[in-house]
Amino acid sequence: MNQQQNFWEFVVLQSDKLISQTLTHIGLTFASLLLAILVGVPLGILIANKKKMAGTVLGMAGILQTIPSVALLGFMIPVFGIGTVPAVAVLFLYALLPIIRNTYTGITGVNEAVRDAARGMGMTPKQILFQVEIPLALPVMLAGIRTATVINVGVATLAAYIAGGGLGEFIFGGIALNNTNMILAGAIPAALLAILLDFLLGKVQHIIPARIKSVSLLLSVVLLLSTLFYFKPVGERKLLAGFEPEFMGRTDGYLGLKSEYKLNIPSVVISDAVMYEAAYEKKLDVIGGYSTDGRLKAYNLKVLQDDKVIFPPYHAAPLVRQEVLVKHPELQNALNLLAGVIDDSTMTELNYQADYLKQTPEQVAKNFLQSKKLWREPQIGTGPTIRIGCKIFGEQYILTEMYRMLIQGHTQLKVETKTGLGGTKICFDALTNNQIDLYPEYTGTGLLVILQPAQPDIDAIMASSDKVFSYVQNQFEKKYKLTWLKPIGFNNTYALMMRREQAKALQISSISDLKNYLEKE
Amino acid sequence: MIVVDNLSKIYNEVVAVEEVSFTVKEGQNLVLLGTSGCGKTTTLRMINRLVEPSAGQIYINGKSILNQPAEILRRSMGYVLQNNGLFPHYTVAENIGIVPQLLGWDKKRIKTRTIELLDKLQLDAGKYLHSYPHELSGGQQQRVGLARALAADPPILLMDEPFGALDPITRLNIRQEFLYLNELKRKTIILVTHDVEEAFALGDKICLMDKGQIVQNGTPAELLFHPAQEFVRNFLHPQALLLKMKAIKFKDIWNKLDDFTDLPAANYPVIKTEQSLWDAIELLQQKKADKIVVTPETGNQKKIISSASILQALSPEN
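Here the protein sequences come in this chain order: D and F.
Position 174 (the first sequence) corresponds to 174 in the numbering used here; numbering is contiguous.
Counting from 1 along the second sequence, just add 521 to a position and that's the residue number in the numbering used here.
Mixed in with the good hints, there may be bad ones.
What the hints assert, rightly or not - To give a feel for the contact side, a few chain F residues facing chain D, derived at Cβ under 10 Å:
| id | residue |
| --- | --- |
| 1 | N569 |
| 2 | I593 |
| 3 | R595 |
| 4 | R596 |
| 5 | S597 |
| 6 | M598 |
| 7 | G599 |
| 8 | V601 |
| 9 | G606 |
| 10 | F608 |
| 11 | L623 |
| 12 | L624 |
| 13 | D627 |
| 14 | P676 |
| 15 | L679 |
Read the hints as simulated data drawn from the structure, not as lab findings.
C-beta atoms are modelled at their ideal positions from N, C-alpha and C, and glycine is treated no differently.
Using the sequences and the accompanying hints, generate a full structural model.
Encoded structure:
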């Protein structure tokens, strides 16, 4: 992580991926555009002739346009699943409005005297449409297509959320990994593509009327051909994997799978939000998720054993300011009540209750503590206030609630929770700047995100959870005057997972099993 | 021959045209004259069925036009609009070729005909054939519009304010050409205008309309000298003097003219009996003379009239 890669080096290194992503991006844009033209232009012509319908149709297309693109993607998954089809469907819906509206405006804007002359000379309605109205409306219609194209190049980046591919893979991967080169490698080609297409279509738009016929023809041929990019034949495959963008770019993720396990599995990039469900619905066979995610249980997935240990340990433990512990020794005792109490499957179960069964974190925390006989009626606090922070996801909320209840039940201290502090960076900065007193952190995160030691140091300790913990504990004491208390027990690390019944049927229980299965003829 | 029989058009209970009837003989020019909103354009547009009549019938050569497909009907009639309605994305040649193409003429025939028409309308074919309408002046555009209407040599020509969008001088020039264009001599023409002078210059017959009805249908002279209603007199009043001078020919007042006996010394301008009083006045001004000699159609007896007597001839008792 320390070595700063030059942008061009990155581009050269990833040129294969870059080219294929760009082609996919073009394919996505044009496939949806073609569909939108095929539907939008006739619809625009229809409402230009039946003005009563115009309000309704334009209104509906307008409403579609206002739905946030990520939400629209979400709506598409139950209908179309993941991958190409829902991505094209969403882009199609976005492209629809400018095309319908400009077709309508273009056709209704044709000079009435010209239309009158056409009728008066004995042209049929069809002849008037094709020889007069469409050619004269074409510049306006092309402007609509131009707008739709630029919109689609932008929105197509979101296809990466649902395994649709495209330059979004780099962009979202780069954001997740805080890798500027990767973000730029996606964003710059996307922007250039938008500018280039806008420029070319702008040229077409101002072409003199006489050539408009041949240009339109050329345009449709180009459109069709580029659409074909996207429907390149998919080879036969045994299993399909889906990984979120961050996983794709990490050495303790996809890159590690390739280098350490020599695992070669066809994979798509997909958002964490839909990945588990996609695995459950057999759209994907292997996914890279988090080992304590509640959806593991909800969708009956099995974690594959990381037998070569490429995923670093991410044991959760409270990270507390030293100063507070010294001042209030009773705090440490209260927090340690949870040490070693929650194992992987228990945490998965708790996350399942909160994320999937939609119980409140407070309820989940209280039920659990009661079952472990750790819950006590909160005392009327007389001491100072302890401020607990947490990152913005379910597991952290549950842990924070537990700590609040333990402190209130077992000490005289008052508690204030500051939940939803975004990611690691925000929580950590809040802690070092005395905005909060503690938050639950993961050892692997402490090591790789905060400390960022040199690679040999990481390699030396990675395989052992205990070594990682003591390394992190020592370094944090020294550098930041922060204390890692005893781990809670579970390890929320990256993991490969499969549907339980499929793993059983194929006799796969570790990542090496998976690799062997894939290589078997 | 076009027969319009009790034609009406009602839009949402508003009567635009009410029981209009007239006949246009083959080769005749009929002008529908009136102010805007009088129903003259609606009447014209019913004849090529751009407007479907609410009631009444239209016959062309005895056959009702309402029984044939509107598109086929329209291809047999030329149609000229005020704003020319040229297709902006078609060249001059393509514009003129529209109807012939609809009728399935071959390319060579269309081209020959196009060039022929451009020549007749005094447009340089070599220069303008492949120009676009926006590259032409208003007058040239209107000529192309006329050429387009004439392209397939239709027996009938419908013209809706054909010179209305032109400036007065261009209008006068094109109207003159129009009067002397051979192509038009054989055509049955129905022309809509609000311009009284234009109506009198171009119409064999004039139908004066008001509020959707025909007020008077007759020759220019009938309207001038025998107005059927006060409305007609008032409508023509501002230009009455000029119109009368143009309408009255010397043959009409032949008997009231003084005999002319040759006086060798006098060198008077000479005019024919079928020419109008207006022609005489223009000639007198041009020659700076005060008397003019009129030569008869038959016989040898010439007559003479002074400029003062010409004005007297316009007095009410005449």
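Any CB of chain D closer than 10 Å to the CB of F:G599? holds (9 Å)
Would you check whether F:L679 satisfies its interface hint, that is, whether its CB is within less than 10 Å of any CB in chain D? Since chain D brings a Cβ to about 8 Å from F:L679, closer than 10 Å, the hint holds.
Does F:V601 hold up as a contact with chain D if the rule is Cβ-Cβ below 10 Å? Constraint on F:V601 satisfied, holds at 9 Å.
Tell me if F:R596 is really an interface residue toward chain D, meaning its C-beta lies closer than 10 Å to one of theirs. F:R596 check passes; min Cβ-Cβ to chain D is 4 Å, inside 10 Å.
Does the CB of F:I593 sit less than 10 Å away from some CB of chain D? holds (7 Å)
Can we keep the F:S597 interface hint, with Cβ of chain D closer than 10 Å? With Cβ-Cβ at 8 Å, under 10 Å, it holds.
Interface hint status, F:L624 versus chain D (Cβ within 10 Å): holds (9 Å)
Interface hint outcome for F:F608 [beta carbon to chain D under 10 Å]: Hint holds; F:F608 Cβ to chain D Cβ min 6 Å, cut 10 Å.
Going by Cβ atoms only, is F:N569 closer than 10 Å to chain D? holds (6 Å)
Given F:M598 as an interface hint, is its Cβ closer than 10 Å to any Cβ of chain D? Check passed: Cβ of F:M598 comes within 8 Å of chain D, closer than 10 Å.
Per-residue hint verdict: F:P676, partner chain D, C-beta under 10 Å: violated (14 Å)
Was the hint right that F:D627 lines chain D, CB cutoff 10 Å? violated (19 Å)
The structure shown violates the earlier hints numbered 13 and 14.
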